[in-house]
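Enquirer: According to this note's numbering, the sequence shown is numbered sequentially starting from 34.
There could be a bad hint or two in this list.
Said to hold, decoys possible - In silico DSSO-like links for lysine-lysine, alpha-carbon gap of 27 Å or less:
| id | residue 1 | residue 2 |
| --- | --- | --- |
| 1 | K107 | K58 |
| 2 | K87 | K58 |
| 3 | K145 | K89 |
| 4 | K167 | K58 |
| 5 | K94 | K107 |
| 6 | K107 | K96 |
| 7 | K58 | K152 |
| 8 | K154 | K107 |
| 9 | K145 | K167 |
| 10 | K107 | K167 |
| 11 | K167 | K154 |
| 12 | K154 | K89 |
| 13 | K167 | K152 |
As the list claims (entries may be wrong) - Derived DEER-like restraints, expressed as beta-carbon distance ranges:
| id | residue 1 | residue 2 | range |
| --- | --- | --- | --- |
| 14 | V100 | I36 | 32 to 38 Å |
| 15 | K152 | E92 | 36 to 42 Å |
| 16 | I51 | R85 | 16 to 22 Å |
| 17 | M34 | R93 | 32 to 38 Å |
| 18 | M99 | R137 | 32 to 38 Å |
| 19 | D57 | N86 | 19 to 25 Å |
| 20 | M34 | P91 | 22 to 28 Å |
| 21 | V108 | D57 | 18 to 24 Å |
| 22 | H146 | I51 | 18 to 24 Å |
None of these hints come from the bench; they were simulated from the model.
All figures in this text were calculated on a predicted structure; none of them were measured in a lab.
C-beta: ideal position from N, C-alpha, C; glycine also.
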Amino acid sequence: MRIRVVLDTNVLISAILIPGSNPDKVMQLVRGEFIQVIISPEILGELEHTLRNKIKFPERKIKDIMVWVENLVKVINPVHTVSKVCEKETDHRILECALSGGARFIISGDKKHLLCLKKYKDIEIVSPAEFLEKVLR
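Modelling step: build the complete structure from the supplied sequences, incorporating the hints.
Expert: Have a look at this one:
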């Protein structure tokens, strides 16, 4: 059975922009069907927004990336609601997705907001490097 994880948007962006990086290595595990990424429409929307408005990719490239991501992940509609755990409201969407999708890990590069939690319920919150160390040993 594959390990279920939620990837923070910053991990997806880093995997796209930095070949050979730890986030890219995590995505290689996804492509190799070792892990299953759970994602929500809200996280997909944040990814698309970031690609369009912060990175300024052309529309065609954004569309190609979104199709690539959607083919690798399982999209779920979260049934749990989380509030007052994180400073950023978008981080609550990550926690909701992980909780609703039965994720074992949240993989994030967000040291200021998510990684400092270390755990939410039974879900470990780790960096890409920590995740790779845990699963590849």
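Enquirer: Between M99 and R137, does the beta-carbon spacing fit 32 to 38 Å?
Expert: Distance hint for M99, R137 is violated at roughly 25 Å.
Enquirer: Given the hinted pair K167 and K152, is their alpha-carbon gap at most 27 Å?
Expert: 15 Å, holds
Enquirer: Decide if the proposed pair is consistent with the structure: K145 and K167, CA atoms, cutoff 27 Å inclusive.
Expert: 22 Å, holds
Enquirer: Holds or violated: 32 to 38 Å for the Cβ distance of M34 and R93?
Expert: 37 Å, holds
Enquirer: Is the gap between the beta carbons of M34 and P91 within 22 to 28 Å?
Expert: 39 Å, violated
Enquirer: Do the alpha carbons of K107 and K58 lie within 27 Å of each other, as the hint requires?
Expert: 19 Å, holds
Enquirer: Holds or violated: K167 with K154, Cα cutoff 27 Å?
Expert: 19 Å, holds
Enquirer: Does K107 lie within 27 Å of K154 when you go C-alpha to C-alpha?
Expert: Roughly 21 Å separates the two Cα atoms, so the pair holds.
Enquirer: Range hint 18 to 24 Å: satisfied by the CB atoms of V108 and D57?
Expert: 22 Å, holds
Enquirer: Return holds or violated for the Cβ distance of V100 and I36 against the range 32 to 38 Å.
Expert: For V100 and I36 the Cβ distance comes to about 24 Å; the hint is violated.
Enquirer: Within 36 to 42 Å or not, the Cβ separation of K152 and E92?
Expert: 39 Å, holds
Enquirer: Hinted pair, alpha-carbon criterion (27 Å max): K94, K107. Please report holds or violated.
Expert: Holds, at about 21 Å.
Against the hints set out earlier in the document, violations occur for numbers 12, 14, 18 and 20.
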